[in-house]
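Use these hints to put chains X and C onto chain F, whose structure you have.
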Amino acid sequence: MLNRRVIYFAVMLAVGIPIYFGYEVPPARMQAAEKLYDIIENYDVKDGEIALVALDFGPNTKAENQPQAEVVLEHLLRKRIPFALVTQYALAEGFLADIPETIVNRLQQEMPDEHWEYGVDWVNLGFQTGSSLFVQSVAKSKDLIGTFVQDVNGTPLGDLDVFDGVKTIKNMPLLLEFTGLVGVFDTYVQFFQSEGYVPIFGHGCTSITIPEAYIYLDSGQLSGLLEGIAGAAWYSKLLSEAYPERSAGMEHINNTALGVAHIVIILFILLGNVLAFTEKRSSDD
Amino acid sequence: MESNYRKKLIRLLTFLGGVYFFFEFVLPEAALEGIGLADRHTEISNGFRAFGAMAVGLGIVNLLLVHGSRVLMVRKNWSYSLILLGGLFSMMAVASLDWLQGERLTKTASVYSQLADFSAVIVRDHEEKKEGVLPLKERTSYLTTAAEAALIKLDPHLNTQNVNKEDTLLSRSYIEKISNSRMEAGSYITLLKGLEEFSVEPYDGVKKELSTIRSELQKLLFLKQKNALIKKLYEFLYQGLFVALGSAMFSLLAMYIAAAAYRAFRIKSFESALMMGAAVIVMLGQIPFYAYISSDLPFLRAWLLEVPNSAAFRAIKIGASIAGLVMAFRMWFSIESESFSHEEKA
Amino acid sequence: MISFTSLTILAGGIATLAIYSFLIKENPFYRFFEHLFIGIAAGFIPIYTIKGFLWPQVLEPMLGLDIVTYPDGTLSKEYSTSYLLFLMPMFFGLFYYAIYFKKIAWIAKLAIGFALGYSGALTFKGFFAEMLPQLESSFKPLVVLGETQAVDWGQSASNVIFVLTLLSVMYYFFFTFKRSGTGSEAVATSGRLLMMVCFGAFFGSTVMARMALLVERMQFLLTDWAGTLGQIFL
Numbered sequence: 001m002l003n004r005r006v007i008y009f010a011v012m013l014a015v016g017i018p019i020y021f022g023y024e025v026p027p028a029r030m031q032a033a034e035k036l037y038d039i040i041e042n043y044d045v046k047d048g049e050i051a052l053v054a055l056d057f058g059p060n061t062k063a064e065n066q067p068q069a070e071v072v073l074e075h076l077l078r079k080r081i082p083f084a085l086v087t088q089y090a091l092a093e094g095f096l097a098d099i100p101e102t103i104v105n106r107l108q109q110e111m112p113d114e115h116w117e118y119g120v121d122w123v124n125l126g127f128q129t130g131s132s133l134f135v136q137s138v139a140k141s142k143d144l145i146g147t148f149v150q151d152v153n154g155t156p157l158g159d160l161d162v163f164d165g166v167k168t169i170k171n172m173p174l175l176l177e178f179t180g181l182v183g184v185f186d187t188y189v190q191f192f193q194s195e196g197y198v199p200i201f202g203h204g205c206t207s208i209t210i211p212e213a214y215i216y217l218d219s220g221q222l223s224g225l226l227e228g229i230a231g232a233a234w235y236s237k238l239l240s241e242a243y244p245e246r247s248a249g250m251e252h253i254n255n256t257a258l259g260v261a262h263i264v265i266i267l268f269i270l271l272g273n274v275l276a277f278t279e280k281r282s283s284d285d
Numbered sequence: 001m002e003s004n005y006r007k008k009l010i011r012l013l014t015f016l017g018g019v020y021f022f023f024e025f026v027l028p029e030a031a032l033e034g035i036g037l038a039d040r041h042t043e044i045s046n047g048f049r050a051f052g053a054m055a056v057g058l059g060i061v062n063l064l065l066v067h068g069s070r071v072l073m074v075r076k077n078w079s080y081s082l083i084l085l086g087g088l089f090s091m092m093a094v095a096s097l098d099w100l101q102g103e104r105l106t107k108t109a110s111v112y113s114q115l116a117d118f119s120a121v122i123v124r125d126h127e128e129k130k131e132g133v134l135p136l137k138e139r140t141s142y143l144t145t146a147a148e149a150a151l152i153k154l155d156p157h158l159n160t161q162n163v164n165k166e167d168t169l170l171s172r173s174y175i176e177k178i179s180n181s182r183m184e185a186g187s188y189i190t191l192l193k194g195l196e197e198f199s200v201e202p203y204d205g206v207k208k209e210l211s212t213i214r215s216e217l218q219k220l221l222f223l224k225q226k227n228a229l230i231k232k233l234y235e236f237l238y239q240g241l242f243v244a245l246g247s248a249m250f251s252l253l254a255m256y257i258a259a260a261a262y263r264a265f266r267i268k269s270f271e272s273a274l275m276m277g278a279a280v281i282v283m284l285g286q287i288p289f290y291a292y293i294s295s296d297l298p299f300l301r302a303w304l305l306e307v308p309n310s311a312a313f314r315a316i317k318i319g320a321s322i323a324g325l326v327m328a329f330r331m332w333f334s335i336e337s338e339s340f341s342h343e344e345k346a
Numbered sequence: 001m002i003s004f005t006s007l008t009i010l011a012g013g014i015a016t017l018a019i020y021s022f023l024i025k026e027n028p029f030y031r032f033f034e035h036l037f038i039g040i041a042a043g044f045i046p047i048y049t050i051k052g053f054l055w056p057q058v059l060e061p062m063l064g065l066d067i068v069t070y071p072d073g074t075l076s077k078e079y080s081t082s083y084l085l086f087l088m089p090m091f092f093g094l095f096y097y098a099i100y101f102k103k104i105a106w107i108a109k110l111a112i113g114f115a116l117g118y119s120g121a122l123t124f125k126g127f128f129a130e131m132l133p134q135l136e137s138s139f140k141p142l143v144v145l146g147e148t149q150a151v152d153w154g155q156s157a158s159n160v161i162f163v164l165t166l167l168s169v170m171y172y173f174f175f176t177f178k179r180s181g182t183g184s185e186a187v188a189t190s191g192r193l194l195m196m197v198c199f200g201a202f203f204g205s206t207v208m209a210r211m212a213l214l215v216e217r218m219q220f221l222l223t224d225w226a227g228t229l230g231q232i233f234l
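In order, the protein sequence lines correspond to chains F, X and C. At position 248 of the first sequence the residue is numbered 248 (our numbering), and the sequence of numbers has no breaks. At position 8 of the second sequence the residue is numbered 8 (our numbering), and the sequence of numbers has no breaks. At position 102 of the third sequence the residue is numbered 102 (our numbering), and the sequence of numbers has no breaks.
Chain F extracted, bound-state conformation (with noise of 0.2 Å):
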């Protein structure tokens, strides 16, 4: 048998070779992020509609929801859909701030004749305590702006323009959610509702709660779906075909490192396997 370190190496090993020499592939067609690209892509958003962006992820997940929230939010900043940034998760107040202010840097250089602003196309909402007992008091609100009351930084809602004309739920006609926690998930499909209405749902999920996520695919309580890095990857390759000018992140090459630790794995079971045949067979010789 191989030395547990002996398997640590060859795992770090197939993850970092592909990284350190920029090395990738085209990723795999992931037709859940489809969907939700084509949702994003066709909507036509009108006055006083403004998409709430649930980023619930902090460092233990932030691998494959980062790049998720980062290809939609250049998407919704793209197609100038303006959203409001919120979290159930305390610890993920960093990426709220950060990531909309690096993608927005990365469009500006691409067109230095475009502007993106906070306050107008995005606002930050911070973190919001109470779980589900927040989102359905979101969902059931009927002064949005007397809910949330601030943003992060303390300016009242009212006084930003992204804000405008927005009273209800009817108001937030997109909700998009990237989290790995189950826990937080359910609250927006259970609460983020009120009579007669639903918005249209997208959801970036971790790989591990993939085969739960597929059933409110199945079942239209979600609109579109990003399995993992691989989500991010095929969005982003959509992304990069609808804008030409557009420079890529790291998606694609992380994508290939990911596929490339993944035949390690599928490598290692069989190799487990067949020594534990062989040495099953000598034993019963």
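Derived from the structure by calculation, the hints contain no laboratory data. Small disclaimer: the values here were computed from a predicted structure and weren't measured. Among the hints, a few may not be true.
Which stretches of chain X does chain F cover? Using the computed rule of at least three CB atoms under 8 Å from a CB of chain F, they are [claimed, not checked]: (1) 283-289; (2) 309-321.
List of simulated lysine-lysine pairs, BS3-like, C-alpha gap at most 27 Å [as the list claims (entries may be wrong)]: (3) Lys46(F) - Lys208(X); (4) Lys219(X) - Lys167(F); (5) Lys268(X) - Lys280(F); (6) Lys103(C) - Lys8(X); (7) Lys125(C) - Lys170(F); (8) Lys79(F) - Lys177(X); (9) Lys219(X) - Lys107(X); (10) Lys76(X) - Lys25(C); (11) Lys107(X) - Lys76(X); (12) Lys35(F) - Lys317(X); (13) Lys208(X) - Lys130(X); (14) Lys167(F) - Lys77(C); (15) Lys177(X) - Lys226(X); (16) Lys226(X) - Lys167(F); (17) Lys125(C) - Lys140(C); (18) Lys7(X) - Lys102(C); (19) Lys7(X) - Lys103(C); (20) Lys107(X) - Lys77(C); (21) Lys125(C) - Lys142(F); (22) Lys46(F) - Lys79(F); (23) Lys268(X) - Lys79(F); (24) Lys77(C) - Lys129(X); (25) Lys130(X) - Lys77(C); (26) Lys208(X) - Lys77(C); (27) Lys219(X) - Lys231(X); (28) Lys8(X) - Lys102(C); (29) Lys178(C) - Lys317(X); (30) Lys177(X) - Lys107(X); (31) Lys77(C) - Lys142(F); (32) Lys140(C) - Lys317(X); (33) Lys125(C) - Lys317(X); (34) Lys142(F) - Lys46(F); (35) Lys137(X) - Lys77(C); (36) Lys167(F) - Lys125(C); (37) Lys153(X) - Lys231(X); (38) Lys35(F) - Lys140(C); (39) Lys193(X) - Lys208(X); (40) Lys153(X) - Lys137(X).
The C-beta atom is built at its ideal place from N, Cα and C for all residues, glycine as well.
The following block gives chains X and C in isolation, referenced to the frame of chain F:
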């Protein structure tokens, strides 16, 4: 006797805790509106949230009790406890200071939006002929005096000091917008000072320009705050330590799962072969190298997830959710919590 | 001179390596950073709870700090005494802390019971909102007609497999009556087998999730961290 009374009280409060949300769910919207609850829903929900938020200190108290006592008594591993408490207090201090600094900057900028609001209020009150307020001229004079003073106070902010090199252009554009709006606001103030007959235009002008100043000034101040020591310390603790440590800690699992896959995943039966087959298809179907094996793999993966996986998972989910519903009933009526509502024996 | 940004990246790399040193064996370097991580993580939550909710939505209006006094002495809005009602749940929330005092520890159960009560009531609402569409979409047509009114055999077969899997897995977990007869055992067995496919998918996904975390850290070490080290030392 006393213990019985406590038990009943705990059960009563458990039941009362659920009354509002239960009726809010079962009663039609019209009925809720009729009794005035629909309009108060946000406040009531916030009441529940405030109650829950009070528990936030429990974790800190526990940490202080466990690790604080270890440090004070110099028990085994006290130095690690000291590090933990150091991390806790540094993060609390830096996060608080960062918040307070942000609040201060917002307050500095919000002076202009408050004056903009005042301008709108003067117009509204005049048009509605509101009683009990000062005459229009006097209120306008208050507005112009305060606005002029506020415009002068802009001077110390209109520079690119403390701005990162890469943000210089951006900060200049903010300064330019503020300067333009200041000039425009100045002309409207002059107009207001000499106004003989009421006209909405200069009031609206003042409102518009002061609102622009608020929004641009806030952006400028936050751009400068990026270079403040507190912000940098926050970034150091959050990105440098917390995010890195958290990601690394969870990524250790990758190594363990690789070792476990090698050592423990044995195909000994038809069931384990099925499991292995499904796992391999799911893994290979979404990696970029699928094309070297079979171009149908992504579709096969999608089918596997959409059909057998979804059906099996849904069956499990339905069972678990019904169990959760039953549990919720039992919790609400304190049937489940017999041991919980009982008095602990000493 | 090293910039603060470089220092942050350097610290991130050292912290990552410290955690990875655990793969060789547990050591003080690892334990130092492990404790630091717990401390920092715990420090966030109380501050952000106050910053994001308690201050702006409860305390500020309760203290009347959200009311602006205009230059002529008028107020932007009237103070509403109804905000003082928040004192009740907040005071009640303090009951949680009775747990630290032996004599009155039972009082904490009042608060915990109340929280269980409203969580339970919210579960009713959540259950129906979540599960009704799930149940609805489980009734799939076993024969699907295509656009030309011809039978879509592929989709029909998928739907049949879906419904059979759903029913057999549900049957496998049906413990109310004792199973008897080979037929019912066969259904339960097929349920178990189909669940294995689901667990296989779950295992595959778990491997992917864990590897993704490693990919992110390796990317940080090999690009950001190594790049910063290069800038400083080369």
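Hints violated by the structure (numbers, ascending) = Violated hints (numbers, rising): 11, 16 and 23; every other hint is consistent with the structure.
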